[in-house]
Structure formats: C-alpha cells, structure tokens
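Residue numbers (numbering that gives the first Met the number 0), protein chains in the order written: chain A, 0 to 171; chain B, 0 to 97.
Among the hints, a few may not be true.
Unchecked claim - Over the 10 angstroms line for every Cβ pair with chain A, so calculated as not near, a few chain B residues:
hint, residue
1, Lys24
2, Glu25
3, Arg35
4, Arg47
5, Ala84
Unchecked claim - Think about it this way: if two alpha-carbon atoms lie no more than 27 angstroms apart in a straight line, the pair counts; the simulated DSSO-like pairs of lysine-lysine are:
hint, chain 1, residue 1, chain 2, residue 2
6, B, Lys95, B, Lys64
7, A, Lys43, A, Lys55
8, A, Lys55, B, Lys40
9, B, Lys94, A, Lys55
10, B, Lys24, B, Lys3
11, B, Lys3, B, Lys40
12, B, Lys40, A, Lys43
13, B, Lys40, B, Lys94
14, B, Lys40, B, Lys95
No wet-lab data here; the hints were simulated from the structure. These numbers come from a predicted model, not from an experiment. Yeah, the Cβ is synthetic: ideal placement off N, Cα and C, and Gly gets one too.
Chain residues, written in single-letter form:
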Amino acid sequence: MDERSKGQDEWVREDLVVVPMRAESAADAISQLGARLEAGGFVKPTWVQAALEREKVFATGLPTPEVGVAIPHADVEHVSRQAIAVGVLEEPVEFGEMGNPDGSVPVRIVCALAVAQSDLLVTLLQRLVEMFQTPGVLRRIAGARTPAEVVDIFRQHLRFEEAESQDAGNRS
Amino acid sequence: MEEKRVLIACGTSIATATVVAEKVKEIAQKAGIPVRVAQCKAAEVRGRTSTFDPHIIVATTPVPKDLGIPVFNGVPFLSGVGMEALEAQIVEALKKAE
C-alpha cells in the first residue's frame, strides 16, 4: 500500500487546531472539534452526535504520562475524509477513562479522529500511541501557542517515511 | 509449550484491539510462549469466551468479571503508563495457564 498516496502526512491542518481552547466539558470539546471537522468537509453532520454517543459507551480518555489525552471518534460511516482536529485546552476537562468504567482522566489534549476506513484507523492509532509515548511530545503540544506549532509536531510524528530523521524538530 | 489463547476485546474489535494484539504477540514471542490471538467486540466477549476458550482476556473496554479467567486492562499498551508491569503480569498469566 502506498501510504503517501493516502495523504498520511496531512492528518492535521491549521484550521483544524484550536489553541488555546476553552471547553466546559468533554462533550463541549467534542462538539467544538466536530464543528471544525464538519466545516472543513471532513465529517458528516451526524458525526458529533455519533462521537458523543460512542464516548458514553466506550470512553477514550488515556491516562498518558505528563498530559492527559482523549481520542474521541465516530464510526466510519459518519466520515467523509480523514483528518484529526486537535484541541489544546487551557484548563483540563474530565473524560471517561478508556477500559475503566469508574475512572476519569483530566484531559488537556483532545484529538478528534475522522477516519473513513477502519484499517486506516488501526494504522493511525498505532502511530498516535507511539507518538503519545515519546517523552516530551505531549508536553510540547500542551505548551503550543499557535495552530502551526501543533501541526508541526503532528507532522513530525505521524509521518510514515522519514520518521527516523526528524531530529531537528525534537528540541523543546 | 502448548499454544496459549488470548482474546483481545475493544469497543469495535478493530482499532485498539489490533494495537493491543500486536503488543501481546510481541511480548509472548519475547517470552518464548506460542500464542493464538483472537479479537472481538466488547459485546461479544461472553460468546467468544465459550467458543474460543481463551486462557486470558486483554480488553481496552469494560468486560464481564464473572468469566472465570484472568482479565487484563490493555489500556497501558496505549497510554504507555504501567506497560512494563502489565507485560510482566500477562507473561506470568500465560505461563501459569493450562
């Protein structure tokens, strides 16, 4: 499979990044990011409701080191084109913890995933998990002040080729 | 050693379950334990437990607690927090399983 032809390098665009973001709740954050995705033509109008429903059943808060992350998403039928909308919250909101019905995670980085094919979701998730586990990356995202900075960080870490030669961007 | 069966469950059976399945295969191979892995949706866990007869379950979503086999929360494979402890617990459980 030619990864590049699928546009894997272009998951995040500046108009899909909200920084700083203010949200009252997880649902509010999901709705705001869903509105961005919809405005850009990446998801259908049903996406927000579907993502909110899914979040109630399968929470997506990840108790990652340093900074909590959530990866709300909806099923592929609500998606038109792949993208990630990213919200960097000034004050954390509580997301349910994935896999733990009693737990919650204070989340400062919300990555709303729009993926139109399930096999691509798997690939994306593997890249994201690696990215989240790379020391310092989440702190850099949380400290970003402009959408361009956030886009740069995601580009460095979600790139399928050249992933090993991104030293220049790893300065904090 | 006899092949051990691991059932991996997540919300939709594809995304997080696949990430976790790759990890489980990797750590089992490192520990020299042959494993067979199956993935399913959270709602299918009870049914697949009776048909696949897994030795352990690793789930990224809540699953029934009365299945009579060890169930591990696989989220550390996604968050990176507590991953080494979880790896050790899974290897231990696979070695003990009969």
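Here is how each hint holds up against the structure:
1. Lys24: Holds, because the least Cβ-Cβ distance between Lys24/B and chain A comes to about 13 angstroms, which exceeds 10 angstroms.
2. Glu25: Holds, since 12 angstroms exceeds 10 angstroms.
3. Arg35: holds (19 angstroms)
4. Arg47: holds (17 angstroms)
5. Ala84: holds (14 angstroms)
6. Lys95/B to Lys64/B: holds (20 angstroms)
7. Lys43/A to Lys55/A: This hinted pair holds, its Cα atoms lying about 20 angstroms apart.
8. Lys55/A to Lys40/B: Roughly 16 angstroms between the alpha carbons, so the hint for Lys55/A and Lys40/B holds.
9. Lys94/B to Lys55/A: Violated. Lys94/B to Lys55/A sits at ~36 angstroms, over the 27 angstroms cutoff.
10. Lys24/B to Lys3/B: Status holds; Cα separation ~11 angstroms.
11. Lys3/B to Lys40/B: holds (20 angstroms)
12. Lys40/B to Lys43/A: holds (25 angstroms)
13. Lys40/B to Lys94/B: With Cα atoms ~26 angstroms apart, Lys40/B and Lys94/B stay inside 27 angstroms; holds.
14. Lys40/B to Lys95/B: holds (26 angstroms)
The structure fails to meet hint 9 from the earlier list, while all remaining hints are met.
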